[in-house]
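Chains as they are written, first to last, in the working numbering: chain A, 1 to 327; chain B, 1 to 257.
Calculated from the structure, these hints are not laboratory results.
Mixed in with the good hints, there may be bad ones.
Simulated coverage check for chain B against chain A, where a stretch passes if three residues somewhere in it have a Cβ under 8 Å from a Cβ of chain A [claimed, not checked]:
| no. | segment |
| --- | --- |
| 1 | 8-14 |
| 2 | 107-113 |
| 3 | 168-175 |
Keeping only pairs whose Cα atoms sit at most 20 Å apart, straight-line, the calculated SDA-like set for lysine to any residue is [claimed, not checked]:
| no. | chain 1 | residue 1 | chain 2 | residue 2 |
| --- | --- | --- | --- | --- |
| 4 | B | Lys254 | A | Gly231 |
| 5 | A | Lys310 | A | Asp283 |
| 6 | B | Lys25 | A | Ala142 |
| 7 | A | Lys310 | A | Arg186 |
All C-beta atoms in this analysis are idealised placements derived from N, C-alpha and C, irrespective of residue type, glycine included.
Residue strings, one per chain:
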Amino acid sequence: MAEIFALVEHRQGAVRDITYELLTCGRKLATAQNTKLTALVFASPADKIVESIQERADRIIVMEHGVFENFNAEIYQLALRDILEKEKPHVTLIGHTAFGYDLCPALGAEMGIPFATDCLDIEFTGSRLRVTRSVYDGKLDAHVLLKEHTSYLVTLRSGCFTPEEVSLATEVVKQESPVTEQPEYRKFVDYIEAAVGEVDITKADIIVSVGRGIKEQANLPVMEEFATAIGGVLSCSRPVVDAGWLPKDRQVGSSGKTVKPKLYIALGISGAFQHIVGMKGADTIIAVNKDPNAPIFNEADYGIVEDLFKVVPVLKEKILDAKKLKG
Amino acid sequence: MDIIACIKRVPQTAEADVKIDSSGKDIVKDRLQFDMNESDTYALEEAILLKEKFSGSLTVISVGTFDAEDTLRIALAKGADNAIRIKAEDFGELDGYKTAQLLKAVIKDLKHDAIFTGCIATDDYYSQVGVTLAELLGMPHASLVTKIEIDGNTVHAYRELEGGLLEHLAMSLPALFTIQTGINEPRYASLIAIRRAAKKEIKVIGKEEINAEDIVSFSSLEKLFTPPVGERAEILSGTLDEIGTRVQGIVKEKGLL
Ligand SMILES: Cc1cc2nc3c(=O)[nH]c(=O)nc-3n(C[C@H](O)[C@H](O)[C@H](O)COP(=O)(O)OP(=O)(O)OC[C@H]3O[C@@H](n4cnc5c(N)ncnc54)[C@H](O)[C@@H]3O)c2cc1C
Ligand SMILES: Nc1ncnc2c1ncn2[C@@H]1O[C@H](COP(=O)(O)O)[C@@H](O)[C@H]1O
Chain A
1 MAEIFALVEH
11 RQGAVRDITY
21 ELLTCGRKLA
31 TAQNTKLTAL
41 VFASPADKIV
51 ESIQERADRI
61 IVMEHGVFEN
71 FNAEIYQLAL
81 RDILEKEKPH
91 VTLIGHTAFG
101 YDLCPALGAE
111 MGIPFATDCL
121 DIEFTGSRLR
131 VTRSVYDGKL
141 DAHVLLKEHT
151 SYLVTLRSGC
161 FTPEEVSLAT
171 EVVKQESPVT
181 EQPEYRKFVD
191 YIEAAVGEVD
201 ITKADIIVSV
211 GRGIKEQANL
221 PVMEEFATAI
231 GGVLSCSRPV
241 VDAGWLPKDR
251 QVGSSGKTVK
261 PKLYIALGIS
271 GAFQHIVGMK
281 GADTIIAVNK
291 DPNAPIFNEA
301 DYGIVEDLFK
311 VVPVLKEKIL
321 DAKKLKG
Chain B
1 MDIIACIKRV
11 PQTAEADVKI
21 DSSGKDIVKD
31 RLQFDMNESD
41 TYALEEAILL
51 KEKFSGSLTV
61 ISVGTFDAED
71 TLRIALAKGA
81 DNAIRIKAED
91 FGELDGYKTA
101 QLLKAVIKDL
111 KHDAIFTGCI
121 ATDDYYSQVG
131 VTLAELLGMP
141 HASLVTKIEI
151 DGNTVHAYRE
161 LEGGLLEHLA
171 MSLPALFTIQ
181 TGINEPRYAS
191 LIAIRRAAKK
201 EIKVIGKEEI
211 NAEDIVSFSS
221 LEKLFTPPVG
231 ERAEILSGTL
241 DEIGTRVQGI
251 VKEKGLL
């Protein structure tokens, strides 16, 4: 039976969390198909990365070469094409990350392999593959059937599989890299770290976070006042940064900061998955949104279905009262 | 410099009540508002800025039904020179791969030094059409781009990775860029420009020009459904004062202050 492959994602020398999720999903598929799970490591140096995933796959294929030190989709595409042509795996799993995003569609289109992106779950139905995806701003889910083929590529959304400890007898196989140089038309130059701001939202115990629901920049001071009054800091969703209302270092989410406060109050934030991944570690989440079906209510502990502009003054007063009583 | 921007008209669902229709494969659209996909407004703006800097032509393309022409006209009003609609109604169910092939079928015959797309469509959430299109056209790409600088023959493209880290790439044209929100400040079209654009011709391309038999899809929608919910939030109800008192109780009880 053709195998299940998972592409190991790493950055700046460390294996990324999505890798363990891919391996767990891969294990599920391999078990269902009674086949083996192979992890693909393209790296330089590769030892530490191979070690981090030992026992989590039946086999690890390693290509070690300087060109793999930093991710460059063009190079990964060439290396993967080579391996997929030789090995013909049934399903190859890639993270739906900035890395998989840049790679999977190009690889699938080049090789004529059906692919599905941003999948929450994957299952076999007969000889076909069915994926679950989130659509329409997360309001609905979709079941999608892939075209019948011998091979598939799937990118998996992060946070959908909980990594499991397994202890498999792992065989490590080394292979030569078919690529040795970065192509002229696309070269990795360097990484640029995110700028550090005055307020470190990752250290705050209380966070008031505002989204597009605050409507305009003129409404920010009231929100900031609310945050400060209750002893917290102000953060936001991406559109607030895109509009230039708050600096990037206040953005919570996959392309911003990950926060773990004791209290997170979300005001006018719909709860897109890219936002949720940045705040789901908060102890207590209170969401205010006028839309009762907003996805944020699937993540929050408490929900208030109301106009945030009416709720904020009341919350401010009541929380201040509570503080006074305490103090 | 000749530039192409791909734009999609999508329903605005973030604040709307989204219902599945009787086919089980589509949503009820009659009460929804439609607009240019969010990241496409940034892709279009980036294309206009580049055109203004280096001169040349800007063509906007959309695969869509007749209504998509409204969105194309907005793009014309903002500064695009030509607009093309590929008739979605001629090609049946579309997935990302099929959409990319339709775009390729038209773009391959147009002069282009750079192509811009959005990074994700908020209806289907594929985040694949741009990168697929680049591959089909045999050109390099960079996705999730939040900054572009052109320096002679080199394009410095900055991709946004997780945590806000940027990946800096040096590329050469022609290339395709999928644009992330926030890269620029999309302009508004003036009323005069919108009125002028209403009279402009939009080229419409359908199955007479594109051979549908060569266009395949990789996937088909089986059904839409409401996401299963795990533990949903406890909704605090009552008057605002009662809700406030409940929150007060929660923060006290949990020692959050
Ligand atoms: C690669 C990638 C990375 C991303 N990274 C991030 C990230 O790091 N962080 C992030 O946040 N997003 C990120 N996004 C964007 C994300 O997909 C969403 O678009 C974004 O989170 C939506 O922000 P929002 O909830 O503020 O706006 P919307 O989705 O527009 O929601 C606004 C909400 O406000 C509510 N509302 C409106 N008026 C009121 C009112 N008066 N009272 C109460 N409620 C009201 C509405 O019902 C709605 O639910 C990323 C997207 C991509 C593609
Ligand atoms: N029907 C379409 N017509 C024109 N461009 C499209 C279409 N669908 C997707 N695109 C482009 O591809 C980007 C990514 O879309 P998607 O892969 O569907 O998430 C969008 O932001 C658009 O720029």
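Here is how each hint holds up against the structure:
1. 8-14: holds (count 3)
2. 107-113: violated (count 0)
3. 168-175: Per the Cβ count (6), the hint holds.
4. B:Lys254 x A:Gly231: With a Cα-Cα distance of about 16 Å, the restraint between Lys254 of chain B and Gly231 of chain A holds, given a limit of 20 Å.
5. A:Lys310 x A:Asp283: 25 Å, violated
6. B:Lys25 x A:Ala142: Holds - the C-alpha atoms of Ala142 of chain A and Lys25 of chain B are around 8 Å apart, at most 20 Å.
7. A:Lys310 x A:Arg186: 51 Å, violated
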